[in-house]
Amino acid sequence: MAEVEGEVPAPADFGTEVISVPEGEPMQLRVRLESVVEGVLATGSVHADAVGACVRCLDPVSMDIEGRFQELFAYADRAAHHREVGASDEESEEHIIVDGLIDLEPVLRDAVVPALPFQPVCREDCLGLCATCGMRMEEDPGHEHVVIDPRWSALSGLAGEAASTDDDDR
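Residue numbers (our numbering): 63 to 232.
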């Protein structure tokens, strides 16, 4: 058994379109490697800082992401034997030790990306932007646009005239 702790740079495309861990950003990694009959069992955690944009107001968002993983990396001969005997488990992805090395990138991606929020927000009570003009709703919470159906727009002018004639009659 060996325990490894250190920093690794984040690979490209480590997230979603809205929030991700920037490429090259250091990620803290703790891994315990255990030799088992089938290969090497890697158990650990990864900590990274994700950045993105609030989906409501587009302000910058940053958050700490913690992911845990446990994955078996099979020896090449064991993996080949496993396939020969017809054992197929379509739900699990097979990781193989190649030239004595294990590739943790897909495992880390599977641990970090699902931990990212689907719709990150700067604050839970963020009001966002006006859908019509793009104004920040927290600057003017009563902000609204009166939309008049163009078929009735001529009547809006008559309403103003009627009010002025009522005042003149008095």
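Keep in mind the hints are simulated off the structure, nothing from the lab. Every residue, glycine too, gets a C-beta built ideally from N, C-alpha and C. Treat the hints with caution; some may be incorrect.
Said to hold, decoys possible - Taking CB as the label site, the calculated pair distances span: (1) Arg185 <-> Val160: 40 to 48 Å; (2) Asp139 <-> His109: 53 to 61 Å; (3) Gly86 <-> Trp214: 17 to 25 Å; (4) Pro71 <-> Glu96: 33 to 41 Å; (5) Met63 <-> Phe180: 23 to 31 Å; (6) Glu200 <-> Glu100: 49 to 57 Å; (7) Leu220 <-> Ala193: 28 to 36 Å; (8) Glu167 <-> Ala193: 53 to 61 Å.
Could you work out which earlier hints the structure fails to respect and list their numbers in ascending sequence? 2, 3, 4, 5 and 8
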